[in-house]
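Colleague: Taking my numbering, the leading residue of the sequence shown gets 35, the next gets one more, and so forth.
No lab work stands behind these hints: they were computed from the structure.
There is no bait here: all hints are sound.
Taking lysine-lysine and the DSS-like style, the derived pairs with C-alpha atoms no more than 30 angstroms apart in a straight line are: (1) 327 x 89; (2) 89 x 303; (3) 89 x 289; (4) 190 x 327; (5) 289 x 303; (6) 190 x 289; (7) 303 x 327; (8) 190 x 89.
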Amino acid sequence: MTSESMSLVDRLAERAAEIESVLDTILTADVGEEEIARPANLLAAMRYGVLNGGKRMRPFLVMETAALLGADRSAAARVGAAIECLHCYSLIHDDLPAMDDDDMRRGQPTVHVAFDEATAILAGDTLLTLAFEIIASPQTQADGERRIELIYELTKASGIGGMAGGQALDLAAETTPPDEAGIIRLQAMKTGALIRYSCEAGAILAGAAASDRERLRRFGEAIGLAFQLADDLLDVTGNADAVGKATGKDAAHGKATLVGLHGEQWAQKQLSGLVQEATQLLEPFGQSAQYLKLAARFIAERDR
Numbered sequence: 035m036t037s038e039s040m041s042l043v044d045r046l047a048e049r050a051a052e053i054e055s056v057l058d059t060i061l062t063a064d065v066g067e068e069e070i071a072r073p074a075n076l077l078a079a080m081r082y083g084v085l086n087g088g089k090r091m092r093p094f095l096v097m098e099t100a101a102l103l104g105a106d107r108s109a110a111a112r113v114g115a116a117i118e119c120l121h122c123y124s125l126i127h128d129d130l131p132a133m134d135d136d137d138m139r140r141g142q143p144t145v146h147v148a149f150d151e152a153t154a155i156l157a158g159d160t161l162l163t164l165a166f167e168i169i170a171s172p173q174t175q176a177d178g179e180r181r182i183e184l185i186y187e188l189t190k191a192s193g194i195g196g197m198a199g200g201q202a203l204d205l206a207a208e209t210t211p212p213d214e215a216g217i218i219r220l221q222a223m224k225t226g227a228l229i230r231y232s233c234e235a236g237a238i239l240a241g242a243a244a245s246d247r248e249r250l251r252r253f254g255e256a257i258g259l260a261f262q263l264a265d266d267l268l269d270v271t272g273n274a275d276a277v278g279k280a281t282g283k284d285a286a287h288g289k290a291t292l293v294g295l296h297g298e299q300w301a302q303k304q305l306s307g308l309v310q311e312a313t314q315l316l317e318p319f320g321q322s323a324q325y326l327k328l329a330a331r332f333i334a335e336r337d338r
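When you get a sec, could you build the whole thing from the sequences and use the hints?
Modeller: What follows is the structure, given as structure tokens:
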């Protein structure tokens, strides 16, 4: 089977296998240069938190946008692995009792349940710093300016104005429900920022033209909105066993969502519009963007 004839499921699996191979190689017991030791329990928790399944959608977006623009495949895989480390750190911390207090993630006990809270905090902390170590390494990208740009954009996507700030707004929303504009802002930060970065990172790696980079950034924003809207819909309609985590949490915690405000039918219509917008943004790239177009639809129509 050629890569051109693969289904999206096959393509996702191929990319996920590449990312997991990189992660498995990085998360070994071998002590790295200028390291003193790698505590076994901490390493085990990190591996448990990262190598426990998942669609690897964010790394997939990095690799596909990088391939679209002719960037080095191994570099894209390493940046994808870094983003997955950062994403999984956020999941480990979000699941803690002080945050969302979840016992199940991807159909398995969460890290703080499988290990303990202190180890889960340290595992998240270490995965966060590891993400930046991977991107900063010359092994990832020889061009120092591109590495700096990748790091700079990731700090914005993951920090106070991005993912972490979005989680803070999400926690605050349990006591003071935001209006519609507030919900959109929260979701664009908590979920959308890292998805947007995943699409833009491929363009940065490729040294792409500003117009292509902006187009992929806007594509990432559209599918980021779709991802969170689909997630909120699954929280209402999904089955916990199929989804791999608890459902019905938003209503139980009194969290305002766009699905809660407008209903399921409205959400489905919005998702359709976001897929159309995302697809149109990719039209200038032609058939080369086929898997990104399929991914946009998959994100909107997923059932887990």
